[in-house]
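Chemist: Could you slot chain B onto chain A? The hints should help.
Heads up: the protein sequence lines correspond to chains A and B, in order. Per my numbering, the very first residue in the first sequence carries number 489; after that it's consecutive. Per my numbering, the very first residue in the second sequence carries number 1204; after that it's consecutive.
There may be inaccurate statements among the hints.
Derived lysine to aspartate or glutamate pairs resembling DMTMM-like cross-links, with alpha carbons at most 25 Å apart [said to hold, decoys possible]:
1) A:510 <-> A:497
2) A:557 <-> B:1272
3) A:537 <-> B:1272
4) A:510 <-> B:1299
5) A:590 <-> B:1241
6) A:537 <-> B:1233
7) A:537 <-> B:1257
8) B:1212 <-> A:552
9) A:590 <-> B:1218
10) B:1260 <-> B:1227
11) A:590 <-> A:552
12) A:537 <-> B:1265
13) A:557 <-> A:503
14) A:590 <-> B:1257
15) A:510 <-> B:1257
16) A:590 <-> B:1275
17) A:546 <-> B:1299
18) A:565 <-> B:1275
19) A:590 <-> B:1262
Which stretches of chain A does chain B cover? Using the computed rule of at least three CB atoms under 8 Å from a CB of chain B, they are [unchecked claim]:
20) 499-513
21) 532-539
22) 590-599
Treat the hints as calculated values from the structure; they're not laboratory data. For each residue, glycine too, the CB sits at the ideal point set by N, CA and C.
Here is how the chains run, residue by residue.
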Amino acid sequence: AQSVAQPEDQVNVAEGNPLTVKCTYSVSGNPYLFWYVQYPNRGLQFLLKYITGDNLVKGSYGFEAEFNKSQTSFHLKKPSALVSDSALYFCAVRGLNTGFQKLVFGTGTRLLVSP
Amino acid sequence: DGGITQSPKYLFRKEGQNVTLSCEQNLNHDAMYWYRQDPGQGLRLIYYSQIVNDFQKGDIAEGYSVSREKKESFPLTVTSAQKNPTAFYLCASSPEFGGGNTEAFFGQGTRLTVV
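The shape of chain A in the complex, shown without the other chains:
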């Protein structure tokens, strides 16, 4: 069964510092991996995805994520955090098996960027 773990409920970082939000996954075979961001009382917005190819994926708003197959991780990163990055971040995985492959989400990590 597919699963995603986001080990940190909350990440605190000062504005201007680099940030990392961790994600590990479990899936049979190769995964499709996604990061979404959610602002209060809003839907999820897509940030970036890993399908194949380069392990470093660049996405919206200056975010990037590194796929590490040996560690089954897909950590979200940003070189310099902004206060406006404060939000709830979700990692998600979908397997490559045939048939319906539902998108499985982690429990989310709240990012707080202080001025």
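Modeler: For chain B alone, coordinates are given in the frame of chain A:
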């Protein structure tokens, strides 16, 4: 503008009452999904639909029902059998069933509260 529209944004339900949450998309997507979001639990899949007139139960379908009479619409009914319906409900769509390497697009959510 293309997108997914959920209504209403806030909904209050009395004990023993059925309520229906609306989800409409104009993205011409085949697949549509309903997720429930509770604090600390991430997103859980309620129902999904691959194509018009077809839908399948997700992980937590008990107490919910759906229909897919039109490609654009995927309403969710929360029945009186759902014992703990207070939550944030998110509708999503993707271009093809399972979505594969394509990301899902989310609506802005409906917050349902039992009063």
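Chemist: A separate judgement is required for each hint: does it hold in the structure or not?
Modeler: Structure-based check of each hint:
1. A:510 <-> A:497: 10 Å, holds
2. A:557 <-> B:1272: Violated. Residue 557 (chain A) to residue 1272 (chain B) sits at ~41 Å, over the 25 Å cutoff.
3. A:537 <-> B:1272: 31 Å, violated
4. A:510 <-> B:1299: 29 Å, violated
5. A:590 <-> B:1241: The hint holds at about 19 Å.
6. A:537 <-> B:1233: 20 Å, holds
7. A:537 <-> B:1257: 28 Å, violated
8. B:1212 <-> A:552: Violated, because 31 Å separates the two Cα atoms, which is more than 25 Å.
9. A:590 <-> B:1218: Violated, at roughly 32 Å.
10. B:1260 <-> B:1227: Given that 25 Å is the threshold and the Cα spacing comes to 19 Å, the pair holds.
11. A:590 <-> A:552: 24 Å, holds
12. A:537 <-> B:1265: 31 Å, violated
13. A:557 <-> A:503: Not satisfied, since the Cα-Cα distance of roughly 30 Å exceeds 25 Å.
14. A:590 <-> B:1257: The hint holds at about 16 Å.
15. A:510 <-> B:1257: 36 Å, violated
16. A:590 <-> B:1275: This hinted pair holds, its Cα atoms lying about 20 Å apart.
17. A:546 <-> B:1299: 24 Å, holds
18. A:565 <-> B:1275: 36 Å, violated
19. A:590 <-> B:1262: 10 Å, holds
20. 499-513: violated (count 0)
21. 532-539: holds (count 5)
22. 590-599: holds (count 6)
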